[in-house]
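Please construct the entire structure, taking both the sequences and the accompanying hints into account.
Residue numbers (our numbering), protein chains in the order written: chain A, -7 to 217; chain B, -7 to 217.
The set of hints was computed from the structure by calculation and includes no laboratory data. Careful, some of the hints might be misleading.
For chains that are exact copies, the list does not tell them apart, and a pair is met inside one copy or across any two.
To be verified - Computed cross-link-like contacts, DMTMM-like style, restricted to lysine to aspartate or glutamate with a CA-CA straight-line distance of at most 25 Å:
{"hint": "1", "residue 1": "LYS144", "residue 2": "ASP56"}
{"hint": "2", "residue 1": "LYS144", "residue 2": "GLU130"}
{"hint": "3", "residue 1": "LYS76", "residue 2": "GLU118"}
{"hint": "4", "residue 1": "LYS144", "residue 2": "ASP211"}
{"hint": "5", "residue 1": "LYS39", "residue 2": "ASP56"}
{"hint": "6", "residue 1": "LYS39", "residue 2": "GLU130"}
{"hint": "7", "residue 1": "LYS76", "residue 2": "GLU133"}
{"hint": "8", "residue 1": "LYS144", "residue 2": "ASP161"}
{"hint": "9", "residue 1": "LYS173", "residue 2": "GLU215"}
For clarity, every value in this text was computed on a predicted model and none was experimentally measured.
Here is how the chains run, residue by residue.
There are 2 protein chains.
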Amino acid sequence: MSRAVVLLSGGLDSATTAAVARSEGFELYAISFDYGQRHTRELESAKLVATSIGVKDHLIISFDLRAMGGSALTDDINVPLDRKTENMAETIPITYVPARNTIFLSFALGYAETLKAYDIFIGVSEVDYSGYPDCRIEYIEAFERMANLATKAGIEGTGRFRIRTPLIDLSKADAIRRGLKLGLDYSLTWSCYMGDKKPCGRCDSCKLRLAAFAEVGIDDPLEYM
Amino acid sequence: MSRAVVLLSGGLDSATTAAVARSEGFELYAISFDYGQRHTRELESAKLVATSIGVKDHLIISFDLRAMGGSALTDDINVPLDRKTENMAETIPITYVPARNTIFLSFALGYAETLKAYDIFIGVSEVDYSGYPDCRIEYIEAFERMANLATKAGIEGTGRFRIRTPLIDLSKADAIRRGLKLGLDYSLTWSCYMGDKKPCGRCDSCKLRLAAFAEVGIDDPLEYM
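Listed below in structure tokens is the structure:
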């Protein structure tokens, strides 16, 4: 049984990605990050999703990106609320965390190399990508190339790392349709950027999620504030 | 005054690199990592070097790579001792930490982006590189390319990140000669992989350091066990 590492934030996209990876028959190793995000609530969801999917192990790496600053997700900067979804992709939002996916993928790469797992799954999409540069396929391909030069397995030729992005061409609505077919329980997931007990329904992440469920034509199983 | 980020381990190479960066007139921001290495002693040296060089700020990021395993630097695997320096580059040693430089450079990239610093200095060398894949120029160039696709500054064109490797073509002896010319005090640095109070003189890192000082024809200012 081949092993794969999946980046699991606890959000809708990464949970769907994990379900896709499982459907391909991999033995899954999840990795999540406690990085000083205001929405640490998502880590509880990551654990629930990991258990529900049946991962072999779940590694949570802790570090503090607040010391760097520069993002509404880790800083004392207000998360923007009530933006229209159609305007979100025009500029890179203040919720962008500098180099976040690069840091996450780098840890996933190290984890994968120690496990001899050569498939690394990440739930990025170019369709509803919300303006983040590190969610584009061009970036992912450059990371993959670098990864194979960075590692013992890559240069010795014992394994070639692939960064797998099954959602890259899917809208969030299509991702939900895919996850539902695979039996994923979206009540376990968490998307809200705010740190409250119930999702706010007003940040970009909630807005995109709610719009996607509306497009699919079913109710989001989460209870909003 | 342009800003630069420098990766500072506390070792001979990174200290020399910081001295070179300072000589180019940058305002320096050092970044170091407490990652579960058995030689945390090097962080004390990193602080001393940072102060001595006169950095503007010194960020220490903590995380635990021991949870991943796979390296003699973080695991309960013995560090190899008494190897001949001429044999060290033949294979990738057990002290290789999977994806370590990639993880370090990723944090440096995030730090640099928040600082609007576009030069990131790292003290890798291809000459005495001790067999690590993530010390080669091909890897560094791939990381740089990825970095400019990963970041807001990179894709908006407000800044182009450069991974600077002033030691890449220098032997360790030449690095020491360079550092001495720049007034660097090597008694502040630390190279030993072991976690003891004095350097062991027997691990690969000590062996390479001692051979380099011998080649320069001066005594290493550190007192060995």
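I want to check one pair: LYS144 and ASP56. Are their C-alpha atoms no more than 25 Å apart within a copy, between two copies, both, or neither?
between (28 Å within a copy, 21 Å between copies)
At most 25 Å between C-alpha atoms: does LYS39 with ASP56 qualify within a copy, between copies, both, or neither?
both (20 Å within a copy, 19 Å between copies)
Intra/inter-copy verdict for LYS39 and GLU130 if alpha-carbon distance must be at most 25 Å:
Answer is neither; intra-copy 30 Å and inter-copy 38 Å both fail.
Between LYS144 and GLU130, at a C-alpha cutoff of 25 Å, which is it: within one copy, between copies, both, or neither?
both (24 Å within a copy, 14 Å between copies)
Treating 25 Å as the Cα threshold, decide for LYS144 and ASP161: within, between, both or neither.
Between copies only: 22 Å across chains, 31 Å inside a chain, cut-off 25 Å.
Alpha-carbon proximity context of LYS76 and GLU118, limit 25 Å:
within (18 Å within a copy, 51 Å between copies)
Checking LYS76 and GLU133: alpha-carbon separation at most 25 Å within a copy, between copies, both or neither?
For LYS76 and GLU133, neither the intra-copy (30 Å) nor the inter-copy (39 Å) Cα distance is at most 25 Å.
Could you place LYS144 and ASP211 in one of the four classes (within, between, both, neither) given a Cα distance threshold of 25 Å?
Neither: 47 Å inside a chain and 34 Å across chains, both beyond 25 Å.
Same-copy or cross-copy closeness of LYS173 to GLU215 [CA-CA at most 25 Å]
For LYS173 and GLU215, the Cα distance is within 25 Å only inside one copy (22 Å; across copies 66 Å).
This entry does not satisfy hints 4, 6 and 7, going by the numbered hints stated previously.
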